[in-house]
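Turn these sequences into a full structure, and let the hints steer you where they fit.
As a plain string of letters, each chain reads:
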Amino acid sequence: MPSLEINGQSIEVETGSNVLQAAEQLDIHVPRYCYHPGLSVAGSCRMCLVEIEKMPKLAISCHIQAQDGMKVSTESEKVKQARKSMLEFLLVNHPLDCPVCDQSGECDLQNYYMEVGQYDSRFLENKIKRRKAVPIGPHVILDQERCILCTRCTRFCNEISQSNELGVFNRGNRSVIDLAPAKTLDNPYSGNVIDICPVGALTEREFRFQCRVWYLSTQESICNGCSRGCNISIHYNTSLSYKAGGKRVQRLKPRLNPHVNRWWMCDEGRFGYEFIDHNRIESPQLRAVQGKLQTSDWEQVLQEVSTGLKTTLENFGPEGIGVIASPQLSNEELYLIRKIFAESMGVQEIGTRNPWEKEGFEDDFLIRGDKNPNSRGAEELGLNSDVKAILEKAASGKIKILYIFQHNFESPEAQEMLGQAGYVIFQGTNWNKTVEVSNAVLPGATYAEKDGTFTNFEGRLQRFQQALLPLSESKSDIEILSTLARKLGYPVTYLDAEEIFREWWGRTYQELEEFGELLNGQKR
Amino acid sequence: MSSPFVFTSENQERFQQILARYPNKRAAMLPTLHLAHEQQGHITPAVEEVVAELLEVPLVDVHEVLTFYTLYFRQPMGRHHLRLCMSISCWLRGSDRIQVHLKNKLGVKSGAITQDGSFSWEAVPDCLGACDMAPMMQVDEDYHGPLTPERVDQILEATAQGQEITTAPPPDNTKTEALPIQLISEHFGNSQARELEWYRKQGGYEGAQKALEMQPKEIVDRVTHANLRGLGGAGFPTGRKWSFVPQDTGKTIYLTANADESEPGTFKDRYLMEWDPHLLLEGIIICAYAVGIHTAYIYIRGEYLRAAQILQKAIEEAYREGVLGERVLGKDFQLDVHLHRGAGAYICGEETGLLESLEGKKGWPRLKPPFPAVVGLFGCPTVINNVETLSQLPKILLKGAEWFAGIACSHHGGTRLFALSGCVKRPGVYELPLGTSLRELIYEHGGGVLGDKQLKAVIPGGASAAILTEKDLDVSLDFDSLMKAGSMLGSGAVIVMDEDVCMVRACQNIMRFFAHESCGQCTPCREGTGWVYQILTRIAEGAGTPEDIDNLAELADNMSGTSICALSDGAAMSFRSYVKKFRSEFEYHILHKRCDVEEKKTTVNA
Ligand SMILES: Cc1cc2nc3c(=O)[nH]c(=O)nc-3n(C[C@H](O)[C@H](O)[C@H](O)COP(=O)(O)O)c2cc1C
Ligand code: SF4
Ligand code: SF4
Ligand code: SF4
Ligand code: FES
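Just so you know, the protein sequences line up as chains G and P, in that order.
Quick note: the first sequence, position 122, residue 121 per numbering that gives the first Met the number 0, numbers continuous.
Quick note: the second sequence, position 392, residue 391 per numbering that gives the first Met the number 0, numbers continuous.
Note that these hints are calculated values from the structure, not bench results.
Be aware that a few hints might be false.
[Unchecked claim] Quick partial rundown of chain P residues pointing at chain G, CB under 7 Å, derived from the structure:
(1) 67
(2) 70
(3) 517
(4) 522
(5) 529
(6) 557
From the three backbone atoms N, C-alpha and C, an ideal C-beta is built for every residue, glycine too.
What follows is the structure, given as structure tokens:
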């Protein structure tokens, strides 16, 4: 383990670390463009030059290995001058169209420019004209003038997505990033190039001119798009939402988790947030006898549901009740469902897995065929009964009252069984085929609107946090279930998800490890 | 949509032969593109797809290569293609005038095809390596010069009619003055030396023979003691370089002979390869045996078609006669030598740019460490030596280290080839002991300044070297002395400028070259070379500002020691020296918006 000195502070680092990483451990940020921890080292932007004692020239800290006894300065005059001049070189052919650039506010060219100190441009020549605002794929727009040729995007396409769409063509200051002939940047991970582009050369089509980044708030979350459970941040904006047609979530960004998704996420997940602000069930619904669904209020719906459950229980026992929970729900919610329905009411059969749901696209990188974030959690909680059998029992009248969470049962077979079922309660977020045949509808909250944990396919327990208030009249599932439980006379007093988590997992959210925890076989 | 492309059956066979030269398919990229280019005159998207498929590489990699190098056309060109050299030595001898003439004569601009489709032409900013013929141009495979408008007309006519162009052979200056000692230039001008038999009769391959009887370690020591220093530019001690190669990795060790010769003003390696190809092969055998190498590649710049043909013939003959192959010179030593043609990129002379290019990629230099001696070609330990360096080896083996070391001044052994060009009476290649004075080279061997004008400036080691003035003429031409004089010996290209040369224009010419040749990988060089060229153009055209001069000096600082490879440093060393040594000329340009040299000039630049 080499021990070195950076700006006078000592640090011991893993053998093989570079100086830039060593500095990071001391919270010293060395400006960089081409370096990205998830990609091979290019060493070409020359922003990360540092001075090392006994070395005649400045060295790039992203490439030079930390060695025992090294004395490094990241802020010497020589270093500052070099950094300043690299920035100047990069701005030579840069259009400086910050006022119309979506990257503005999170641009490393802007940021370092502010840090290093502004100066008047002494560049009197004509800037090289290049192609601007070129859609290069379904999600990405390229602006060649803003590009600083750090090659992060090409390395991503070669090394990570291995789809090889982008290259650096020509040479000298005529070099440009562009697509290979007849290609489009259309791979399952294309959105990541937007994140890693340090400037506004690659921007998101979906986000284009939607919102200035400084109006965005962020919250840490977990993608609910598949059972990988990529760590993400939700970028949202509530104050200006009317401008965006009521869209609160503006974009999703991956968040580093070395064990799960590293720095990346897939496009499905990234752009799969529309359901949060679209086609939502905004208020409780009740079906008039033999009629249509009608907007109701919480009091009335919960009254009808609890009465129904209570009467069924009294007349037919727990066998009269069927519960189909959802692998979209959090562990806490599933735990509560188990507690109320299995432990308090005695319902034997609680299932989660939709038997008609086909395995989706899967690859050997991130994307999993199981498009639910918490199938493993449901399994671990023992909610494994055969959903088809439950539906059959509902159709044959054995089960009188069926409580379905979130599922969209659209297959004709399921629809037919549901049509024959006695009384169907739906609790979930969006209008779907199950809602259409339900008698009572309880609008729940999306994962962006609540706290909780998911267990990914590997058995890693990961926390997500509430970014938004539940839309309109919808409520968090824990609140709905707790109210219902109290109406049924069960002593359920949870105030929030964390209380359940503590009871279930034995620790607070704070105490949960940063990158989640593996279940390691323990069942609770 | 371009029409589909298929290799002819003959070319399919050649493609298979190409593949057999490399340990992986990707490395066949440049030769395969050359082959396709030869077949249909230019590379279409359909060719790119075929090549990607054949070599099992992503299409994007083929496209990167195609757009990086300058010798691949992407649209049809004329039946004959002309390349007029616009680099420094040709410019000093009036290439501007020839350019105007060519344009008027052909009636189309650079890069275009004549109406009848017979010619296309381009004015190229890079040096074609024939500065002794300046001003010169390449017509298809052949070099022609010195050009005059009349000569251009003759050449065009003969070419159009398919006649052989009778060129007076370049004046054989090497023989005009008695040179004190000739170790590697003695066969220049004698085409018999290209024949193996003749070469052997003159004692050829005896150095290699001797080496094969020695212990490899002994050879390395001998070369070290001979004080042979790399003649490609950096002057690194050759024996020491070899000793860095790890022998215990279990990996193949490679040799690459650097024959990319593209430093403006340099044309000595071309002489060596065209006149004495077996000398290079002999040097390669010695180095290979000394370092435990069984595969060598000669990376020759794409423009050197004649040299490549001569070398290829020599290699084939050497294989036939048992000089190369399974049993080199009948000894228990196996060695394969392959010729690999570049495709138009100065940066492929930089050793790691060369390796990338040889591996079938664009020539982006690599980060160091690791150094090629440890991780080089195909990830294996690799020796890279210049053609001239390797050609020096046979005599060292034959005559011994002390003898060789004794020829030159301290810290250097032997002689080197000086490529003399520019405003000088007898341009050419001169072999002289290291340590000879600049004055002797220019005045005694080169016959002095053309038209007996006043000497104003000299570049002593290729365009990357800082310029010297008349005051420096007594500097001795060796690595250390030139370094002390603030310049460098570099590639040994000596370019003379007379009193009528505008230093702003000269500097602009050189920076046009660097801006054109920067690989574009790293920030200071990609942006710096282009920016400096723009500033110099502005000053030359009368739009300079007083701040420009200090800005140039600061840009030179910012471009030095901050880049991946030494191209940036070389460019900076060069333009910094012009501004520093001829500051008043720059100031005059800026202040008066015109050139005082042009004004004072009595005669036009010949
Ligand atoms: C930009 C650049 C261009 C170069 N071009 C050449 C070249 O054309 N031929 C050459 O032999 N060396 C060239 N060199 C030097 C090589 O990098 C390397 O030092 C040399 O080939 C080593 O051989 P030597 O030790 O025998 O001189 C160049 C270096 C740089 C930085
Ligand atoms: S587009 Fe962005 S990521 Fe790609 S090279 Fe340019 S600046 Fe870097
Ligand atoms: S791989 Fe799965 S969890 Fe990750 S971003 Fe995609 S859908 Fe979301
Ligand atoms: S210094 Fe210039 S030629 Fe060398 S790697 Fe950088 S950009 Fe390329
Ligand atoms: S971050 Fe180190 S050179 Fe770019």
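Hints, one by one, checked against the model:
no.: 1; hint: 67; verdict: holds (5 Å)
no.: 2; hint: 70; verdict: violated (13 Å)
no.: 3; hint: 517; verdict: holds (4 Å)
no.: 4; hint: 522; verdict: holds (5 Å)
no.: 5; hint: 529; verdict: holds (4 Å)
no.: 6; hint: 557; verdict: holds (4 Å)
Hint compliance for this structure: hint 2 alone is broken.
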